[in-house]
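There are 2 protein chains.
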Amino acid sequence: MGDFITKRSEDINQWYNDLVLKGGLADHSDVRGCMVIKPYGYTLWENMRDVLDRMIKETGHTNAYFPLFVPKSLFEAEEKNAEGFAKECAIVTHYRLKNDPNNKGKLIVDPEAKLEEELVVRPTSEAVIWNTYRKWISSYRDLPLLINQWANVVRWEMRTKLFLRTAEFLWQEGHTAHATKAEAIEETEKMLGVYAEFVETFLAIPVFQGKKTESERFAGADDTLCIEALMQDGRALQAGTSHFLGQNFAKAFEVKYQSEEGQEEYVWATSWGVSTRLIGALIMTHSDDNGLIMPPKVAPFQVVFVPFLHEKNKEQNEVLISKCNEFGTELKKRGIRFMIDKDTTKRPGFKFAEHELKGIPIRVVFGPRDIENNMAEVARRDNLTKENVSQDNLIDYIENLLGEIHTNIYQRALTHRTENTRECFEYDDFKKKIEVGGFVIAHWDGSAETEEKIKEETKATIRCVPFDLEQTEGTCIYSGKPSQYRVLFARAH
Amino acid sequence: MGDFITKRSEDINQWYNDLVLKGGLADHSDVRGCMVIKPYGYTLWENMRDVLDRMIKETGHTNAYFPLFVPKSLFEAEEKNAEGFAKECAIVTHYRLKNDPNNKGKLIVDPEAKLEEELVVRPTSEAVIWNTYRKWISSYRDLPLLINQWANVVRWEMRTKLFLRTAEFLWQEGHTAHATKAEAIEETEKMLGVYAEFVETFLAIPVFQGKKTESERFAGADDTLCIEALMQDGRALQAGTSHFLGQNFAKAFEVKYQSEEGQEEYVWATSWGVSTRLIGALIMTHSDDNGLIMPPKVAPFQVVFVPFLHEKNKEQNEVLISKCNEFGTELKKRGIRFMIDKDTTKRPGFKFAEHELKGIPIRVVFGPRDIENNMAEVARRDNLTKENVSQDNLIDYIENLLGEIHTNIYQRALTHRTENTRECFEYDDFKKKIEVGGFVIAHWDGSAETEEKIKEETKATIRCVPFDLEQTEGTCIYSGKPSQYRVLFARAH
Numbered sequence: 001m002g003d004f005i006t007k008r009s010e011d012i013n014q015w016y017n018d019l020v021l022k023g024g025l026a027d028h029s030d031v032r033g034c035m036v037i038k039p040y041g042y043t044l045w046e047n048m049r050d051v052l053d054r055m056i057k058e059t060g061h062t063n064a065y066f067p068l069f070v071p072k073s074l075f076e077a078e079e080k081n082a083e084g085f086a087k088e089c090a091i092v093t094h095y096r097l098k099n100d101p102n103n104k105g106k107l108i109v110d111p112e113a114k115l116e117e118e119l120v121v122r123p124t125s126e127a128v129i130w131n132t133y134r135k136w137i138s139s140y141r142d143l144p145l146l147i148n149q150w151a152n153v154v155r156w157e158m159r160t161k162l163f164l165r166t167a168e169f170l171w172q173e174g175h176t177a178h179a180t181k182a183e184a185i186e187e188t189e190k191m192l193g194v195y196a197e198f199v200e201t202f203l204a205i206p207v208f209q210g211k212k213t214e215s216e217r218f219a220g221a222d223d224t225l226c227i228e229a230l231m232q233d234g235r236a237l238q239a240g241t242s243h244f245l246g247q248n249f250a251k252a253f254e255v256k257y258q259s260e261e262g263q264e265e266y267v268w269a270t271s272w273g274v275s276t277r278l279i280g281a282l283i284m285t286h287s288d289d290n291g292l293i294m295p296p297k298v299a300p301f302q303v304v305f306v307p308f309l310h311e312k313n314k315e316q317n318e319v320l321i322s323k324c325n326e327f328g329t330e331l332k333k334r335g336i337r338f339m340i341d342k343d344t345t346k347r348p349g350f351k352f353a354e355h356e357l358k359g360i361p362i363r364v365v366f367g368p369r370d371i372e373n374n375m376a377e378v379a380r381r382d383n384l385t386k387e388n389v390s391q392d393n394l395i396d397y398i399e400n401l402l403g404e405i406h407t408n409i410y411q412r413a414l415t416h417r418t419e420n421t422r423e424c425f426e427y428d429d430f431k432k433k434i435e436v437g438g439f440v441i442a443h444w445d446g447s448a449e450t451e452e453k454i455k456e457e458t459k460a461t462i463r464c465v466p467f468d469l470e471q472t473e474g475t476c477i478y479s480g481k482p483s484q485y486r487v488l489f490a491r492a493h
Numbered sequence: 001m002g003d004f005i006t007k008r009s010e011d012i013n014q015w016y017n018d019l020v021l022k023g024g025l026a027d028h029s030d031v032r033g034c035m036v037i038k039p040y041g042y043t044l045w046e047n048m049r050d051v052l053d054r055m056i057k058e059t060g061h062t063n064a065y066f067p068l069f070v071p072k073s074l075f076e077a078e079e080k081n082a083e084g085f086a087k088e089c090a091i092v093t094h095y096r097l098k099n100d101p102n103n104k105g106k107l108i109v110d111p112e113a114k115l116e117e118e119l120v121v122r123p124t125s126e127a128v129i130w131n132t133y134r135k136w137i138s139s140y141r142d143l144p145l146l147i148n149q150w151a152n153v154v155r156w157e158m159r160t161k162l163f164l165r166t167a168e169f170l171w172q173e174g175h176t177a178h179a180t181k182a183e184a185i186e187e188t189e190k191m192l193g194v195y196a197e198f199v200e201t202f203l204a205i206p207v208f209q210g211k212k213t214e215s216e217r218f219a220g221a222d223d224t225l226c227i228e229a230l231m232q233d234g235r236a237l238q239a240g241t242s243h244f245l246g247q248n249f250a251k252a253f254e255v256k257y258q259s260e261e262g263q264e265e266y267v268w269a270t271s272w273g274v275s276t277r278l279i280g281a282l283i284m285t286h287s288d289d290n291g292l293i294m295p296p297k298v299a300p301f302q303v304v305f306v307p308f309l310h311e312k313n314k315e316q317n318e319v320l321i322s323k324c325n326e327f328g329t330e331l332k333k334r335g336i337r338f339m340i341d342k343d344t345t346k347r348p349g350f351k352f353a354e355h356e357l358k359g360i361p362i363r364v365v366f367g368p369r370d371i372e373n374n375m376a377e378v379a380r381r382d383n384l385t386k387e388n389v390s391q392d393n394l395i396d397y398i399e400n401l402l403g404e405i406h407t408n409i410y411q412r413a414l415t416h417r418t419e420n421t422r423e424c425f426e427y428d429d430f431k432k433k434i435e436v437g438g439f440v441i442a443h444w445d446g447s448a449e450t451e452e453k454i455k456e457e458t459k460a461t462i463r464c465v466p467f468d469l470e471q472t473e474g475t476c477i478y479s480g481k482p483s484q485y486r487v488l489f490a491r492a493h
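Line order of the protein sequences matches chains F and U. If you're matching positions, the first sequence starts at 1 in the numbering used here and goes up one per residue. If you're matching positions, the second sequence starts at 1 in the numbering used here and goes up one per residue.
Among the hints, erroneous ones may be present.
In this list, chains with the same sequence are indistinguishable; a pair is considered to hold if it fits within one copy or across any two.
Taking lysine-lysine and the DSSO-like style, the derived pairs with C-alpha atoms no more than 30 Å apart in a straight line are [as the list claims (entries may be wrong)]: (1) K351 to K256; (2) K114 to K104; (3) K22 to K346; (4) K80 to K135; (5) K256 to K22; (6) K342 to K98; (7) K87 to K114; (8) K386 to K251.
Simulated from the structure, these hints should not be mistaken for lab results.
Looking at chain F on its own, in the form it has when it is part of the complex (with noise of 0.2 Å):
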């Protein structure tokens, strides 16, 4: 290859960026903070979307479309969720350029074009959305709303890093209203499970799901419940969230209903979200030093053919490409995507690495003497590894192979996972554990104050506390006081 990644023993931040710009996926832009999604990359977003949006639709939500701009009196309205964005906010104060009379052929922003009123540009949706709601909800009966938009939205980092942190990102955020406070609680549970299954089936990431403490709470939420992965460089990273908003934006835009009693009520709701963040989490929980490791679900090609082609032999060339169609037509049949390689003028071992360095999960390989007798060369990609297959049963040996593949990649970071989150009882040890990566579980006595000093003096935060952990009393491992719970610690992207 002539692209040159770095290894993850040498610096794991390079390697990642290698592999997310060397890879096709995205490119810087000259627009601060901001990326380009390249084809490669857009189309595994694509089939993320397809998915998630098939299980958002069927958990019952329809999509929507709100504005991009949300006036600053309507920003400002739920005071939490206004301090939390506030510093983060693109604005647009002018509605006009004029020609500038210094400079021919230049622009400067129309000074008589000042907007009575800033607009900030989405960070999040729901004061747009709320103060649209009051419009929509007024009984019972037109509860629940259960609804979700695909979108852009803007939060000004000042520190990027493609995928996983950029000022304009792409996303989708469901919001939704609801009579009682137990059905919203339900709702904000059941998205979170939406997203731990999509995230485990189909990009092969296991997560912890569990509830964020009252610190790392969404601005403007009761409760927020996420979704934690872990990272090969031994970083957590938040997956996705789902948060529950009590009445807080009920309240700050005035939603009201009447209840089948008869009765003004306040609504509950809620709200979660996941974002183009998820292929960072994809790339940084699979690849290898070889490049990409696509999950065979979402991957933008789940086979490559690569025919031996010799530049001269046009009509060999022709045999082998048709059988190439003949397997396509056969694998489109079950769904499965493939790509041909026919470039005559690359070495199959140069292609054999730009493959590798994509991520593709099978490549299929022959020349005119497998033909003859019947067998072709799979490489899986997870491993390596390579088998002869006769081509009479390569359909069902392909098909087998990715749902292996998944469960391979998926089981290795599991074990990754596993090997890398470690209990610990005291402070010493819990700063050396922390310093080596991974999760730390350990005693937490529920004071903010507390986990400020943790964050201050090792850089851990509290993921999570989460669900699937048996609760048991204890000793905070750092003020010793009593302790209620036990808590996932991580340094995170």
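Using the hints, position chain U against chain F.
Using the frame of chain F, we list chain U on its own:
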């Protein structure tokens, strides 16, 4: 119906607004010029997008995503393009809000967070994309580059109209780069053809294809091709455009490639787009005084089942609903979208009016006696006729009927257009015919001056020089000068 729809004969603009708002397609927002696309309207958009996205991919394009913001220095690089959009741009000047020291709980723009360079919210993406293409293109091997983007864009419109003209709208924009002029022109024409096919075959709207005059061209294009439709109010509507951009953007952004012969050449470009405006087009083409009429191929629901339910007869209701489910299963197998109206509180007449307002192409009604007789009543939305159909061949009947409805509404629109496309040889007659509405075909001397005069005096613009019109020499309707062209005039939305 509780919701009153203004008649077309009374006030066609109010009729249009009533359909959009009461039909549940969209809602006004508190954000100036921006609308909310409601679930029913967004589902329609999703269906349109899915079809067009497939057609765009089948012609060799892939999707990608570019930043929302365009730094001012990039925006102004292609001068004509910049000049064309400068007057209608939302400008981001700051990246932070802070607490208002004089007004507790309120926020103000933080003057210390002023951007060094202002960002334009994209009104179209040529600038940001061609600035990126410079990095991606160096050799003829990188061409053609065939990329499409689905995105939101913002153009600061002073007089807005739901779907037809909003400050923010959703669209797709294709941006392609080619080695030769001929290939770029071919692409421009091909994509216009794709739009024409999409709009006629899926939205059932007949269109004229043609070329814009110089003064109606896209800012920065060497040529703009367009499809033009005729609305029920007698006004034309530009439904899509495809631009041959020459080397204008390549020169502005220094995008060159090395040809097979080893020479440095500027790249040739096209761009093309359609938007949520098409929803306005289909509403105003097909609908009537009872409400919307959805083109079957993109209708959110193609069929609605209205079983005669009685609030108190639960057992019988179950039988009827289970029958609906049976039919539904069969429809689903054929990819036909349906809903079942299970409401037991509303009278059938009310329900019928509601489904007519929503424009669902086919209504299927039956009660207990119909089940005994093995019959159902099938009502068409397009012509409001009803037919009793045996339940044995109901599914086939529905499938055929959807095709028939498509053909009927297309033919109806075509007849309307034919009856309202008039040829004209004298300016007095021209003015009368423009006043009546519809397209007027007339000779034009080719000068921008004449075009402008006619526009001033009659409010009619040249919609295009249509491809399908045989071009004979003649005399300009306005100046009396010799004319090479007959062109299509109309007042337009």
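A quick look at each hint next to the structure:
no.	hint	result
1	K351 to K256	between (61 Å within a copy, 27 Å between copies)
2	K114 to K104	both (23 Å within a copy, 24 Å between copies)
3	K22 to K346	within (18 Å within a copy, 60 Å between copies)
4	K80 to K135	within (23 Å within a copy, 43 Å between copies)
5	K256 to K22	between (52 Å within a copy, 22 Å between copies)
6	K342 to K98	neither (51 Å within a copy, 57 Å between copies)
7	K87 to K114	both (22 Å within a copy, 13 Å between copies)
8	K386 to K251	neither (61 Å within a copy, 49 Å between copies)
The structure fails to meet hints 6 and 8 from the earlier list, while all remaining hints are met.
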